[in-house]
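Sequences are here, hints too, so could you generate the full structure?
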Amino acid sequence: GDSVTQTEGLVTLTEGLPVMLNCTYQTIYSNPFLFWYVQHLNESPRLLLKSFTDNKRTEHQGFHATLHKSSSSFHLQKSSAQLSDSALYYCALSDRYNQGKLIFGQGTKLSIKP
Amino acid sequence: GGIITQTPKFLIGQEGQKLTLKCQQNFNHDTMYWYRQDSGKGLRLIYYSITENDLQKGDLSEGYDASREKKSSFSLTVTSAQKNEMAVFLCASSKGQASNSDYTFGSGTRLLVI
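Line by line, the protein sequences are chains A and B.
Under this note's numbering, the residue at position 7 of the first sequence is numbered 7, and the numbers go up by one with no gaps.
Numbers in this note's numbering are just positions in the second sequence, counted from 1, shifted up by 114.
Each hint can be trusted.
In the SDA-like style, the derived pairs of lysine to any residue whose C-alpha atoms are separated by at most 20 Å in a straight line are:
#1 Lys-209(B) - Ser-163(B)
#2 Lys-123(B) - Ser-44(A)
#3 Lys-155(B) - Glu-8(A)
A partial selection of chain A residues facing chain B, derived with a Cβ cut-off under 10 Å:
#4 Tyr-37
#5 Phe-52
#6 Tyr-90
#7 Ser-94
#8 Leu-102
#9 Lys-109
None of these hints come from the bench; they were simulated from the model.
Ideal Cβ placement from N, Cα and C applies to all residues, glycine included.
Rendered as structure tokens:
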């Protein structure tokens, strides 16, 4: 079945440095949708950005990601980390055959230090 | 704007007890989901429902039952609580079954079994 892998459980960075959170996926279907959800402390997860177009950069709130079907990747990036970016980030996958179900990765906790 | 409400926010149960978690949404969304959130394991799907009275099992359905008697509500029952179990249960809803549908999450129910 479909799966999503986020290799880093915890990423700790100093404010102002670039952010990159890894996400790779496995699916037999050729047109997956990929999502990034963000969950701040004591809040519920909310959508950060999504994409289904190969090699097209998607941006929202200073973050960006590009779906690369050739490498089955959808890494999340930001040029300069802010303290407020500290949160739990989930990568997720959906495809047209699974009734809108999202398959989530294990999550990456991003901790930004001053 | 709509809201998705989970009750209770905190639930303390005893080993072997049957426990019910409730979720209500006023978005008029068709599809609703129950996920379990554990640190390092991401969000794992327990049950989902694409319409009133529909139930579909997720990967983690064993030990749980669900009920969707109305379009706006989706309940989850832990059939026999396990001692020392501690988890967060998240309810979500989406407009339809399209693979690009965004999820709206509730604020969660935190379960502790003593």
